[in-house]
Amino acid sequence: MESLGSIISYVVIALAIVICSILAVTTRKILRAATYLLFALFATAAVYFKLDYEFLGGVQIAVYAGGIVVLVVFAILLTPHPGDNSERLASRSRRLGLLAGLAAFAAGAYSLVTRCELLAKAPEMSNPDMDTIGTALLGTGNGQYLLPFEAVSVLLLACIIGGVVVARKR
Amino acid sequence: MELNALYYLIPSLIMFACGVYGFITRRNMIAMLISLELMLNSVDMNFVVFNRFLFPNQMEGMFFTLFAIAIAAAETALAIAIVVNVYRANNDIDVRDICKMKF
Amino acid sequence: METSAILILAIPLLMFLFLGLAGKYLPHKWAGILGTCGMGVTMVLAYTVAFEYFFSGNSFFINEAGDRLQHVVFNHDWLNFYDKLTIRLGFLLDPISAMMLVVITTISFMVHLYSNGYMRDHHGVWETGFQRFYAFLSLFSFSMLGLVVATNIFQMYIFWELVGASSYLLIGFYYTKPSAVSASKKAFIVTRFADLGFLIGILVLSFYVGLYSEGNITDAFTFTSLTSVPVDGLTDTFSVSEGTAQVIRDLFQNSAAPMFMGASVLTWALVLIFMGGMGKSAMMPLHIWLPDAMEGPTPVSALIHAATMVVAGVYLVARLFPLYLMAPAALDIITVVGAITALYAAMVACAQIDIKRVLAFSTISQIAFMMVSLGVTRLDHSVALGHEVHEGLGYMASMFHLFTHAMFKALLFLGAGALIHAIGSNDYTAMHGLRKYMPITHITFLIGCLAIAGIIPFAGFFSKDEILTACFGHSTVWAIWMAVVAGLTAFYMFRLYFLIFWWKEHKVHDEHHAPHDQPWTMTLPLVILAVVSIFAGFVPFGSLVTWNGHPITGSGFLTNLENLNWSVAALSLIIAIVGIMVAMKMYKKENELPAKMRNALPRLWDWCHHRFYWDELYMFITHRIIFGLVCRPIAWFDRHIIDGTMDAFAAVTNKVSYAIRGFQSGNVHMYVWCYLAGAVLLAVITMICVL
Amino acid sequence: MDYSQFLFMKQEIALLVVFLLVFFYDTFASKKALNALSGITCVLFGIYTVASFLPCVTGANATAFSGMYETSPIIAMIKNVLNVGVLIVLIQSVNWANNESTSVRRGEFYELLLVTLFGMYLMISARHFLLFIIGLESASLPLAAMVAFDKKRYESHEASIKYILTAVFSSAILMMGLSFVYGLSGSLYFSQVGGAIAAASSPMLICALAFVIAGVGFKLSLVPFHLWTADVYQGAPTPVTSYLSVISKGSAAFAFLVIMVQCFSAVYAQAWEWMLYALIILTITVGNLFAIRQRNMKRFLAFSSVSQAGYIMLGIIAMNAMGLAAMVYYILVYVFSNLAAFGVIQAIENNTGKVDMDDYRGLSKTNPKLSFAMMLAMFSLAGIPPFAGFFSKFFIFTSAINQGSIAIYVLVLIALINTIISLYYYLLVVKAMYISDEKPAIETFKSSFTDRLGLIVTVAGIILLGVVSVVYNHILTLAEHSSLF
Amino acid sequence: MLFDNILIYFVLIPMLMLAGVALCRNIKQIRAVAVVGSTALIALSVYLVADFLKAPVETAVDGMYHYSSWKWFTAQGLNINLTVGVDGVSVAMLLLSSIILFTGSFASWTIAQPKAFFLWLILLSIGVFGFFITIDLFAMFMFYEVALIPMYLLIGVWGSGNKNYSAMKLTLMLMGGSAFLMLGLIGIYYHSSADGHYTWNLLEIARNNAISTGWQYFLFPMTFVGFGVLGAMFPFHTWSPDGHASAPTAVSMLHAGVLMKLGGYGCFRVAMYLMPEAANDLAWIFLILTGISVVYGAFSACVQTDLKYINAYSSVSHCGLVLFAILMLNTTAMTGAVMQMLSHGLMTALFFALIGMIYGRTHTRDITKMGGMMKIMPYLAVCYVIAGMASLGLPGLSGFVAEMTIFVGSFQQGMADYLAGGGSLRLVFTIIACCSIVITAVYILRVVGKLLFGPVQDKHHLELTDATWWERLSTATLIVCVAAIGCFPNFFEHLIRGTFNPELFRAIAMNF
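Protein chains in written order, with our numbering: chain A, 264 to 433; chain B, 23 to 125; chain C, 316 to 1006; chain D, 3 to 487; chain E, 1073 to 1584.
Check before you lean on any hint, since a few could be wrong.
Unchecked claim - Chain B is nowhere near these chain C residues, computed Cβ spacing over 10 Å in every case:
1) S319
2) L322
3) D647
4) V842
5) I843
6) C923
7) N969
8) N982
9) V983
10) V987
11) W988
Said to hold, decoys possible - With a straight-line cut-off of 16 Å between C-alpha atoms, the simulated EDC-like cross-links for lysine to aspartate or glutamate are:
12) A:K313 x B:D116
13) B:K124 x D:E157
14) A:K292 x B:E24
15) E:K1235 x D:E157
16) A:K384 x B:D116
17) C:K339 x E:D1538
Please keep in mind that the hints were generated in silico from the structure rather than gathered at the bench. Backbone N, C-alpha and C fix where the C-beta goes; we use that ideal spot for every residue, glycine too.
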C-alpha cells in the first residue's frame, strides 16, 4: 500500500505531465508551447526524483529543461513573429494527427497492458550513488559505458561541426 | 492502491501520443521540434520506469536515458540550426510551404 | 541394270541443276538441245530397262509360272524414324513402274522436243526464261520418275510433293500474269490439302503395321513389305501376294482399336491415302485446280496435267491395290468418287470455250474412268453381259487406259498447243475451219479424238472397253453410268474437233499470215504420238501388267482383239458413234442448233459452263470463311487481345504509378504520418495474425 | 578497466586518426595549402582503405567491452566495402568540393563524411543498443548538415529540413521500440536480448519489433518509411546523394541484419518473417512504380535505390551465412554500380548543370564514354549479365530461396517480376542516351581526371566483380566463419 | 586446364573478336575481323561435328562429350561450377549458330556504326555459344541472359519502324520469361539432391533424380514457360512479330535463327531432362498451348501484309512445332524437333536476310506495294522462292525432313497413347499440327505470288539492282545448308538421336 503522500504526489505529477503535454501541442501560441514543454520536462524530472534517480533528475533539469528549452526559445525569437498565433488547423489535418496519436497510444498501451509483470508491486527503491554512476560511465565491463561515452563525444563533435556548417552564412 | 509501473507508463505514453499529434499537426517547425521533445522525453521516462520496476538491480535504463538526453540535445541543436538556416533562406518556417519537390 | 536405274533418275536431276544454275549463261538454243538430249538419253535408258523387265525372262523379273515379279534395283536408307519405319530412296521395278517409266520418258521427251518450237514466237524470239523452263521440265521428269519407281510409300510421298512443286513452278511459268500466279497457287494449295490426307493416311497405316507386324513385314513403309512376299532364293525380289495384304488386314482387325467412327481403321487409312490421290488426280471435289492449271504453257499441260502427274493418284491406288482389296468400302468410295467425277467433268467439258479447258475436263473425266476401273475390281469371278470377267481385270484396264490415255491426251494437248501457237488464242471462237491451213495438226488431232472417243482400232477403244467390261462385271448401274460418260466423251471431243477445224471457214485478216503448221520440232511429236495412239491399243497389257503379275491374256499382237468382250465393245462403240454423230450434226456446219439447245436448257448450260460453281464455292470457303472468319479474327485477336494484354500490363503499371504518386506529396507531415501508420499497421496486423 | 580493448577497434581508430588529421589540416593549414585538402583526404583515406584490407586489421572474431562491440572478418569486410565506396565518393567529389561555392566548406564536408562513416562503423559493430543508437545518430545527424551543403540551391534547404525532421521522428520511434525491448528483456546487450526473448511472442514484442524495424527501415528507406528518400536525394548535393544512397544504406542493411539475427531470431517465424515479406514486396514494388515516372536523374536513382533496398533485404530471409554473404556482396556490387551512375551524373552536372533524363538524349553521340559507363551501370543495376549486378541478384535470390517455403518462392517471384519493371526504367536511360534521335542537349566536354578515375574504377568493378569469382567466394568464406549465427 | 577443352574456344573466339572489333579503326578491318572470326567458328564447329561422330562412346559422360568442369563460385552452399559438355544436339546447334553468325556478318556488310553494331552482335553470339556449350544451370542462365540484352540496343539503335516500342517490348517480355526461369532454376538447385549437396550440374541433377513430383509440378512450368517465351509459345509470342519487324537484318537472322532456338533447347535440356515426371504429367497443358501456336501462328501469318510480320508469325508456328514435338516425349519426335530447330534456324535466317535485302532496296516491306521482284532482282527472288519452299516443307530441303520426323514421331506417340488408354490429346493435336502444312503453303505462296510474281507495282522498283556479292555469299551459304539437311537427313538424325536415348533421357523412358 502506497503512502497517501506518494499517491498525491503521483497524481499531481501525472496530471502535470498529461495536461502540459496536451497544452504544449494544442496551444496556438508558440512561446506558450515552449513553456508548457518546460513544465512537462519538469514533471518528468519529478518522476525521476520520485523513482529515486536523483542524478538523472538533475541532468533532466539541467540539460533538458535548462538547455534545450532555452535553445528552443532562442530559436523562436530568431524566427518570425514570436508569440503570434499560429493558423487554425484544418480539420483534416487535425483528424489525421489525432488518428496517428491515438493509434500510437493504443498500440503502445495494448502492448503494455497485456504484460503482466508491469502490474507487479513496486520493488524497493535504491538511489544509485555517484560512485557507481561514475564507475559505470567510465568502465569497460558489463553494464559499464566507456565506449558509448566516447562515441557520444564524437557525435556531439559532429553535431557541432554540422551546426557550424549550417549556421555559417557562406 | 499500489503504484505499479503502468501508472507511470500510461502518462508517458500519453505524452508520446501528444508528441506524435503535435508533430503531425503543427505547421511551425519549431513547434514540431517541441513535439519531438515530448516524444523523446516519453521514451526516456519509459526506460527509467522499466529499469526501476522490472530490473531494479542494474542501471541500463538509466544510462540509456542519460545518453538519450545528450542525443536529444544534439538532435535539437542541429535541427534548430537547420530550421533557422531554412528560415534565413526562405523567410518562412511553415513546414507545409516546404514542398517544392514531390511526386 | 542398277547403273541404268540410277542414270534414269540422275540425268534429269543433273540437268535440272545444270540448267537451273548455269542456264542463264547458256544460249537459249543450246539449253533446249541439251535438255532434249538429256531426256532422250533418259528415254532410251528407260526403254532398255522396261524392255529388259518385260521381255528378258530374267528370273528376277518373271518366275517360272510366268508371273511377273517385283524387283528392287537399289534401296538406300534416307531417314530412319523407327525400327520398322525407315524412309528409303530406291528403285522398284515391277509391271506398273516399268510401264510408267516408258510413259513418262516418252511423253517427256516429246514435250522437250516440242517445246523447242513452242517456246518461241513466230519470229523465232525465245520465250523469257526458256532455260528455266527446261530446268523445270527436267525437275518434273526427275520427280515423276522418282515417284513411280518408289520402293516405299514415303518415297512416293516425297516425290509426290516434288512433282507438286514442279507443277507449281511450271503453271506459274508466266509469272507476270496474275492469272497464272493464282492458278499455280491454287494448284499447289489444293493438292497440298489433299496431301494432308495422304500424310495422315500414311501415318495411320504405318503405325498399325509398324506396331503389330512381324515376320515378313519388316518395314511399314515399303511396298514390297506391305503387299508382297519375298521370292525364295532371290534377293530383292518379291511377288505380289494377297496373303500379305490379308495379314495386314488381320493385323488391323486384331489391333487394340480396329474401328474408328464406324469404319475399320484400315479403310480410313486407305481412304485418306486415296484423298492424296484425289488431289493429284483432280477427283471431285478437289478437281478445281486442274482447269486453272491450263494457265501454264501448253507443253506443260500435256506432260503434267494430262499424261503423267495427274495419273499419280491412280498409280498410288494401283500401287497399294492389294491393300485396297482388303477394304472393299474404300474401293466403293473410289468407285463413287470416280463415277461422279467422270460424269461431272464430261458435262462441264461440253460447255467450255477454252480448248485447253475442254481437254482439262476431259482429262479429269478419263482419270475418273481409271479410278472407277480400279474401284470396281474384285477378285471374285464375275460375269459381264454373258462373258466371264477375269479377276483383276479392272486393274489391268485401268493401267491400260492410263497408258493409252497418256499417249492420246498428250497428243491432243500438243495439238492444241500447236493451234494456240498458230492462232494466239485459247478459244475455239478464234479458230474454226483450220483443217486446210494446218493439215498435220488436223489429222493428228482427229486421231487423238477418235482414240479418246473409243473408236476401234484406236488405242482408247481397247482400254475403255476393258474398263466398261470390268464395270459390268461389278455392277450394271455403274457400267451404264460410265457408258453414258463414254458417249459424252465422244460428244464433247468431237464438238471440240468440229468447232476447231470445221464450223465455218477461217477468215484471215490481210495483215496477218495465214495460220500454218508448225516447225518440225512441234509436228514430229504430234506424228509420233498419233502413230502410238493408233497402235497402242494392241499392246497385250493383260500379259504385261496385272495386279499380281499373273498374266490374264496371251501376249500376241492381236490378243486384245481376241479377248474382246464383244457385247460390251458393241455397246461402247455404238454409244461413241452416237456421240460423234450428234456432235457432227450440231457443230460441223455453222448452224443455230447449239444456240437452240443452250436456250432450251439455260440452267444446265450455265451450270456446266460455270463448272457447277465449284470455284465460287471454294472462293467462298477460302476467302470468306478461312480468311474472313478464321485468319482475320485470329490476327485481330492476336493484335488486340493477346498483345493488348501484354500492353495492358504496361499500361496498368503506368496507371498505378501515376495513381499512387500522391503519397509522395512533398509534405513532411504526410511523410511522418505514413511512417507512423506503416509502423503501427505493421504491429497491428502482425498482432492480429499471430495472436 | 581494461583500456587495451580499444585495440580491437582498429578500423574505428584508424578512421578517427584520418578524421583528426583532416580536421587539423583544415583548421591549421594556410589558405593556400587548403587547396590540397581534397587530394590529401583522398590519399589519406586511400591509404587507410588499402591498409584495412590487411589481415592484421581484419583479424579474427573478437568481442570487446563485455560484448558491447564485436569485430570479425566479415564485419571488417563490410566496413572495407564501405571504405571502398567512400573512397570512390571522395574521388568523385573532388571536383565539386573544389568549386567556388563549396570550397569554403570542404573541410567540414570531409570531416562530416568521416564522422558519419564512423557512426556507421559503430552501427555495424555495436552489440549494445545504446552504442547502436549513438552510431545511428552520428551516421544520420551530420548527414542533415551535409544535405544542406549547397546553400545557393533552394532544394538543398528543403531536403535538409525534410531529412532532419523525419530522421528525428524516426529516431524517436526507434527509441520507443528500444524501450519496449528493454522492458521485455531487461538488457540492451544483443546477446542478452536474444537470450531473454523467448520463442513466444507478446504484443509488446511485436510492437517493439515494428518500431525497431521502422526505425532502421528509415535508414534503409524501406517502404513506407522511405518517403524522405526521393526529396533528399534530389535536393542534396550529388556527392552527398551518392554517399547517402550507397554507404548509408549498406551499413544500415548490415546492422539491420545483425540486430534481427542476434536479438530476434527466436521469434523469426512467428513474428517478423511476414513483416519482412510485406516490407520487401512493398519496397520493391513501390520503389519501382515511382521510379518509372521520374525525369530527374537523381530522383530517379533515389527510387531505384528504394527498390534495391528491397532486394538487399532478401539477404536477411535466409538467416544464414549464405544470405549474409549475398547481402554483403550485393552491397559491394551496388556500391560500384550506383557510384558509376552517380559518377556520370556528377560529371555532367558539374560540367553542364543538367540532371534531367531528357537532357541525356543523344548523349552517346557527344560523350560516348560517359554514356557507356552509364549504360553499364544501368545494366548492372538491372541485373544483366555478365555485369556484376546479375551475380549479386542471382546470389541474393538463391540465398533467399534457401529458406524453402512456398511463400518465399512467391516472394521471390514477385521480386523477379519487379526486376522487369526495373529493367524498363533502367533501359529508359539507355534509350535516352543511345536510341533517341533528337539533337543532343549536352555538348561534348572533357571530364576531369578525378571523374574519370572514379568512373574507371567503378566500371572495372562492374565488369570484374561478378565474373571473377574470388570476391564472392572470399566473402562467403568469411561469412561462414562469422559468429553471427 | 581451361584451354585444353575445345569447347571453351567457342566463347574465346568471339571474345577475341570482341577485342578485335574494339581495336578496329575502319569498317574494312571490322569486316575482316567478323569474317575471319566467324569462319574460324564454322571451322571449329565442323571439326567438332567430325570429332563427335568418331569419338568413342566411352569418352562421354552421360552422353556428353568433351565434358569438363571448373570450379567457379564454390564456397559452401553455392556449388556453382562452369561445366561444359556437348552432345549431338549441342553440336548441331553450335554448327547452326556459327553458320548464322557467318552469314549475318555478310548480311550486315554495310551497316551504319559498324563498330558498335558488331560489338553487340558478337556479345550476343557469346551468349548463344556459351549457352550451348554449358551444362551447368547457372552458366546456362547467365549466357542465356547475355544473349538477350544486346537485342535491345541492336533493335533500338539499328532498327526501323516502331523500334523503341518493339525493342522495349521484346526485351521486357523475354526478361519476364527469364524471371520465371530464374525462379525455376534456383528451385531445381534446392531440390537437386537428397542429401543436401546441391548442384547446378545438369548431369548430376539428373543422376540424383531427387526432385519430388510435387516440386516438379511447380518447377516444370516455371522453367518451361521461361524458356517457352523465347521459343515464342502462345500466348507469350507477341514480342516476336514486333521485335522481328523492327530489327535490322542480321539481328533478325540471329534472333529468329539462333536465339529462338535457345528456348526450345532449354525446354528439353533443362525442363524435360531434369523433371521427367512433371514432363509426362503436365505435357498436356503445354501441348495444347504449343499446338495452338502452330496453327495460330500460321493463320495469323495468312493475313499480314508486312513481310517481316509474316515471317515472324511463321516463326511462331514453326517454333511452336519445335516445342510441340519436344513435348511428345518420344525419341523420334524430339529428334525431329531438333532438326526443325536447325531447319527453321537456317531457313528463317535466309528469309530475314532476303527481306532485309529487299527492304534495303525498296524501302518498304508491304507486300501490297511490291510485285514482280522476280523480274527486278531475280537472284533474290529465286532465293526467296527456295526459302519459301523450304518453309512449306518441300522434300529435298530441310523443312520437310524435320516436319516429317516430327509428325511421324508425334503420331506414333499419339496413337500409342490412345491405344494405351492415355487419351487422344496428342493424337488430335498431331493432326491439327499436320494441318499447318497446308496453311503454311497458303501464306508462303501468297507472299511469293504477291511479292515476286505478278506485275511490277512501282515503276521506281525497275531501277533496283540485284544482289551484291556479299549478299549472294550470305544467302547461298544458307541455301546450301538448307539443301544439305534436306538431302542428307540421316546424317543429322544420326547426330541428334543419341541425345534422346531413353536410357539417358528419363522422361522418354517413363513415357513408354
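Evaluation of the provided hints:
| no. | hint | result |
| --- | --- | --- |
| 1 | S319 | 87 Å, holds |
| 2 | L322 | 83 Å, holds |
| 3 | D647 | 80 Å, holds |
| 4 | V842 | 94 Å, holds |
| 5 | I843 | 92 Å, holds |
| 6 | C923 | 78 Å, holds |
| 7 | N969 | 14 Å, holds |
| 8 | N982 | 5 Å, violated |
| 9 | V983 | 5 Å, violated |
| 10 | V987 | 6 Å, violated |
| 11 | W988 | 5 Å, violated |
| 12 | A:K313 x B:D116 | 39 Å, violated |
| 13 | B:K124 x D:E157 | 11 Å, holds |
| 14 | A:K292 x B:E24 | 39 Å, violated |
| 15 | E:K1235 x D:E157 | 37 Å, violated |
| 16 | A:K384 x B:D116 | 47 Å, violated |
| 17 | C:K339 x E:D1538 | 14 Å, holds |
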